[in-house]
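Here the protein sequences line up with chains C and D, keeping their order. Going by this note's numbering, the residue at position 92 of the first sequence is 93; the numbering climbs one at a time, nothing skipped. Going by this note's numbering, the residue at position 78 of the second sequence is 66; the numbering climbs one at a time, nothing skipped.
Hints were generated in silico from the structure; no laboratory data involved. It is possible that some hints are incorrect.
What the hints assert, rightly or not - A few chain C residues that face chain D, going by a derived Cβ cut-off under 8 Å, partial list only:
1. G5
2. K8
3. F66
Stated by the list, open to error - In silico contact screen, one side only, chain C against chain D (beta carbon under 7 Å); selected entries:
4. L10
5. G14
6. M20
7. H21
8. N146
9. A148
10. A260
11. K320
12. E322
13. R327
Please read these numbers as outputs of a predicted model, since none were measured by experiment. C-beta: ideal position from N, C-alpha, C; glycine also.
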Amino acid sequence: MINGEEKILLSHGNGGRMMHKLIENLFLRHFGNKILDEQTDAAILPVDGAEIAFTTDSFVIDPLFFPGGNIGKLAVCGTVNDLAVSGAVPRYISVSFILEEGFPISELEVIVKSLAEEAQCAQVTIVTGDTKVVNKGKCDKLFINTAGIGMVRKEDKLVGKARNINPGDVILINGTIGDHGMAVMNARESFNFKSPVKSDCASLNHLIREVLDHSPGVKFMRDPTRGGVATVLNELAAKINQGIEIREQAIPVTKGVSAMCEILGFDPLHIANEGKVLIVASEEESLNILEIMKKHPLGAQSAMIGRVVNDHPGKVVLKTETGGKRIIDSLVGDPLPRIC
Amino acid sequence: MQYIDEYRTKTLILSISEELKKRSKKEITLMEVCGGHTMAIHRFGLHALLPSNIHLLSGPGCPVCVSSQHFIDTAIAYSQLPDAIITTYGDLIRVPGSTGSLEKEKANGRDIRIIYSVLDALEIAKNNPERPLFFPGIGFETTAPATAAAIMEAKKEKIANFFVLSAHKVMPPVMEALVKEGVKIDGFIAPGHVSAITGTEIYHDLATIYGLGVVVAGFEPADMMQAILMLVVQLEEETPKVEIQYKRIVHPEGNRIARELLSKVFELKDDNWRGLGIIRNSGLKIREDYSDFDAEKRYPITIPEPNEPKGCICGSILKGLKSPGQCPLFGKTCTPSDPVGACMVSGEGTCATYYKYRS
Chain C
2 MINGEEKILL
12 SHGNGGRMMH
22 KLIENLFLRH
32 FGNKILDEQT
42 DAAILPVDGA
52 EIAFTTDSFV
62 IDPLFFPGGN
72 IGKLAVCGTV
82 NDLAVSGAVP
92 RYISVSFILE
102 EGFPISELEV
112 IVKSLAEEAQ
122 CAQVTIVTGD
132 TKVVNKGKCD
142 KLFINTAGIG
152 MVRKEDKLVG
162 KARNINPGDV
172 ILINGTIGDH
182 GMAVMNARES
192 FNFKSPVKSD
202 CASLNHLIRE
212 VLDHSPGVKF
222 MRDPTRGGVA
232 TVLNELAAKI
242 NQGIEIREQA
252 IPVTKGVSAM
262 CEILGFDPLH
272 IANEGKVLIV
282 ASEEESLNIL
292 EIMKKHPLGA
302 QSAMIGRVVN
312 DHPGKVVLKT
322 ETGGKRIIDS
332 LVGDPLPRIC
Chain D
-11 MQYIDEYRTK
-1 TLILSISEEL
9 KKRSKKEITL
19 MEVCGGHTMA
29 IHRFGLHALL
39 PSNIHLLSGP
49 GCPVCVSSQH
59 FIDTAIAYSQ
69 LPDAIITTYG
79 DLIRVPGSTG
89 SLEKEKANGR
99 DIRIIYSVLD
109 ALEIAKNNPE
119 RPLFFPGIGF
129 ETTAPATAAA
139 IMEAKKEKIA
149 NFFVLSAHKV
159 MPPVMEALVK
169 EGVKIDGFIA
179 PGHVSAITGT
189 EIYHDLATIY
199 GLGVVVAGFE
209 PADMMQAILM
219 LVVQLEEETP
229 KVEIQYKRIV
239 HPEGNRIARE
249 LLSKVFELKD
259 DNWRGLGIIR
269 NSGLKIREDY
279 SDFDAEKRYP
289 ITIPEPNEPK
299 GCICGSILKG
309 LKSPGQCPLF
319 GKTCTPSDPV
329 GACMVSGEGT
339 CATYYKYRS
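Let's have the full structure, built from the sequences with the hints guiding it.
See below:
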């Protein structure tokens, strides 16, 4: 029994607070070790004097195809991004398929081609894999599991770990938020919104490399996937035990996402992204970093969205457009599961 | 975004705030009945823009919160019937009943599906003719007409496996009950979308008999501020009446077609409101003509009287007598991830709103 629950609920997998309790109270309790306890997107492993980043991810998205991508492209982007935000140069990935009996091979080929194209684009090599087929009904069409390995330069090895963060440090993001989550939801729930919302699914390693190569100011990076920007910032605030203040007006959101969120009652800060990176940087380097990000095709709409502050340690506060303030919490249980 | 941005303009909102501070002298208490209004007040931080002599109370207008525990227990019991499908609006799925929730039943393997429109439920029923499909109908005059339309459609198309468990409720009796019970209210910020269906005649007695101000308000910050200003003017000039601020949606005569649907399919019954008890003629039950689609008639089951959670003060909160901060469980054993009372579950619930926007 974990936190009063006897069975796994969908909320245990949505990237929010229930999932974190499950990780802390079950997985870390049994597996805990120095490397895992860091809880970074990729583990940083010392190997013969060098350091490598190692990550794994599973993809169970429904539907398999959505505006802006499919499960194959997503599998590469997700794995590459977990390595890149840990400061690594992604090199090799594995891809394993769990296929449901009866799944059309033509669709599988489309997905495999997307995997290959995105891997080429991200300059990673798919070097190993596995194939399993299960009886009809025993899995939902197709699941993908990946692992990824990247090389970490000495000067970048702390960027996933949030060390030396101080009040005044600036929080940046490379563009609009909520696009992936809303695009998938629109495709899955057949709302029939005639919405141009497309997933932002993209490999961020080149953009991140540009930033790390041209600025020493990066103190933390994380890709705000499930649970959205709100959840990443809450985890960060708790970890560093400092406050974070973000400005509603500064946060880039497309009209389509913001309209869908209004109609459905969601906060874009809680919606998943698959092509975004949050960066915490020193104030003196923040403008430089913003410029570098804006020059990259995946960062044209980059913005400074907030700061680390002295007040309200451990909490994230939003300054609203109308001049009010409110606390932004992590995502707690959502009724729309499986978006990545 | 059109119809949104113009009602969130900072200068406009601040100018109404200034006007309020000038006009408002008396100590007054206004109740926002609708959960959507409670959300808007907190989301946009409107408390900070009001003079200190204006007090806002949150009312009983969150459909999930006022649904009795008995109703949740019944929905859970239906989900355990052989081959049953439950289709529900998303925010009902996590509401705790006596022994579990629909979410937990789903984890136990019951077929529980979240839908966005009751017509989707009808579609699922059509596609699964061998299985009984239950729709727990919640909400006020806003959602009830859609349920009525679905029931009529089911009759027309002879869909024999679509059953509604109605907990639909109507607004005016509960507003009057609160006043009669002695909750100190000077005026109501009346629900916008309920009024779009009902029109404004239903509030007539509140103004004429009880001398209360009533302003039907929209849900954007400028709407809310203007509605409060209109109430202040009424109360300062001692001319309580029914007015509409939300003119772009609400007409005094309401939506005749929706009301006809409602009265064709439903009739009034005495109904149980969580925390408030039985209120006369405050609920909607399915008429005899449509009883083939009435879950309670077709699948009568007996549920043991539920135990209300100990220490939970949802009832007093729904009556506006207490605020969430006064509850010993609030933010401690009762949080959105592990709610004790219904006010913490729904996004529109007073406790969930206070928790989410606490500062």
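Original post:
With 7 Å as the cut and Cβ atoms as the points, is M20 of chain C at the interface with chain D?
Top reply: Check failed: Cβ of M20 of chain C comes no nearer than 11 Å to chain D, outside 7 Å.
Original post:
If you take the shortest Cβ to Cβ gap from K320 of chain C to chain D, is it below 7 Å?
Top reply: Status violated, d = 9 Å.
Original post:
Under the criterion of a CB-CB separation shorter than 7 Å, is H21 of chain C in contact with chain D as hinted?
Top reply: Hint violated; H21 of chain C Cβ to chain D Cβ min 10 Å, cut 7 Å.
Subject >> chain D contact restraint for R327 of chain C - C-beta distance below 7 Å >> reply: At 5 Å from the nearest chain D Cβ, R327 of chain C passes the 7 Å test, so the hint holds.
**OP:** Report holds or violated for the interface hint on G5 of chain C, using the least CB-CB distance to chain D and a cut-off of 8 Å.
**Re:** Since chain D brings a Cβ to about 7 Å from G5 of chain C, closer than 8 Å, the hint holds.
**OP:** Please verify that hint: F66 of chain C, Cβ, nearest Cβ of chain D, below 8 Å or not.
**Re:** Since the shortest Cβ distance to chain D is 21 Å, the answer is violated.
Original post:
Per the CB criterion, is G14 of chain C less than 7 Å away from chain D?
Top reply: Where the cut-off is 7 Å and the nearest Cβ of chain D is about 12 Å from G14 of chain C, the hint is violated.
Original post:
Close enough to count: is the Cβ of E322 of chain C nearer than 7 Å to one in chain D?
Top reply: Where the cut-off is 7 Å and the nearest Cβ of chain D is about 6 Å from E322 of chain C, the hint holds.
**OP:** Against chain D, run the beta carbon of N146 of chain C and see if the smallest gap drops under 7 Å.
**Re:** violated, 23 Å
Subject >> Interface hint compliance - A260 of chain C to chain D, C-beta minimum distance less than 7 Å >> reply: With Cβ-Cβ at 6 Å, under 7 Å, it holds.
Subject >> When the least beta-carbon distance from L10 of chain C to chain D is tested against 7 Å, hint result >> reply: holds, 5 Å
**OP:** Have a go at the A148 of chain C hint: is there a Cβ in chain D nearer than 7 Å to its own Cβ?
**Re:** violated, 29 Å
Comparing the model with each earlier hint shows violations of hints 3, 5, 6, 7, 8, 9 and 11; every other hint is respected.
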